[in-house]
Amino acid sequence: GAVVSQHPSRVICKSGTSVKIECRSLDFQATTMFWYRQFPKQSLMLMATSNEGSKATYEQGVEKDKFLINHASLTLSTLTVTSAHPEDSSFYICSASILAGETQYFGPGTRLLVL
Amino acid sequence: GENVEQHPSTLSVQEGDSAVIKCTYSDSASNYFPWYKQELGKRPQLIIDIRSNVGEKKDQRIAVTLNKTAKHFSLHITETQPEDSAVYFCALGGSNFGNEKLTFGTGTRLTIIP
Chain U
1 GAVVSQHPSR
11 VICKSGTSVK
21 IECRSLDFQA
31 TTMFWYRQFP
41 KQSLMLMATS
51 NEGSKATYEQ
61 GVEKDKFLIN
71 HASLTLSTLT
81 VTSAHPEDSS
91 FYICSASILA
101 GETQYFGPGT
111 RLLVL
Chain R
1 GENVEQHPST
11 LSVQEGDSAV
21 IKCTYSDSAS
31 NYFPWYKQEL
41 GKRPQLIIDI
51 RSNVGEKKDQ
61 RIAVTLNKTA
71 KHFSLHITET
81 QPEDSAVYFC
91 ALGGSNFGNE
101 KLTFGTGTRL
111 TIIP
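Just so you know, the sequences run in chain order U and R.
Heads up: the first sequence begins at 1 in this note's numbering, then just goes up one per residue.
Heads up: the second sequence begins at 1 in this note's numbering, then just goes up one per residue.
There may be inaccurate statements among the hints.
[To be verified] Pairs of lysine to any residue, SDA-like flavour, derived with a Cα cap of 25 Å: (1) U/Lys41 with R/Lys57; (2) R/Lys58 with U/Ala2; (3) R/Lys57 with U/Leu99; (4) R/Lys71 with R/Glu100; (5) R/Lys22 with U/Val3.
Just so you know, these hints were derived from the structure itself, not from any lab.
Kindly generate the complete structure, drawing on both the sequences and the hints.
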């Protein structure tokens, strides 16, 4: 149980384009989903907390207009990297929890490369 | 935000020996302490977690100890095996900065030497 999927697993795009990443909880309803970014050999950095039906809460230093988050249902959250630049290249991982404050289950991650 | 320090950053252990990784934190309101294992290019996997109402939890070869007074918690892996080689992250939850959020440590790269 508690399986989280992400799509796509990897994506290469040109600078200036937008990329959408999907995060799905497959066998449970997630009240809260989280989006992280992980650069090579570094830790996971929380970008934003997403609650179904409400606006995402962004961490300090994360541009909400650049990283658009939509959590339209209890099983799906999307992250759109708008006008991507090479410095946005990273490993983007989502997680989901059934209840606030409970265990987070991670998706397999999306490796983004912006050329 | 919450700070959590993790040591050591790298650790090499002979197969069969024990490995210990320690994390220290500053926010006394933290009440959830999970440990994640991440293999190269893969997702973090929860291996064990503990809440502030207990001091120790064990699951086969893995244990976590918590000292709330001193504000540190540790991961203990006994009888290490080559498949234990990975990066391990501690995390904190339940702080004043948001009950739902996790703050991750900087990670420890554990290498088991056959």
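Taking the hints in turn, this is what the structure says about them:
no. : hint                  : verdict
1   : U/Lys41 with R/Lys57  : violated, 29 Å
2   : R/Lys58 with U/Ala2   : holds, 22 Å
3   : R/Lys57 with U/Leu99  : holds, 22 Å
4   : R/Lys71 with R/Glu100 : holds, 20 Å
5   : R/Lys22 with U/Val3   : violated, 29 Å
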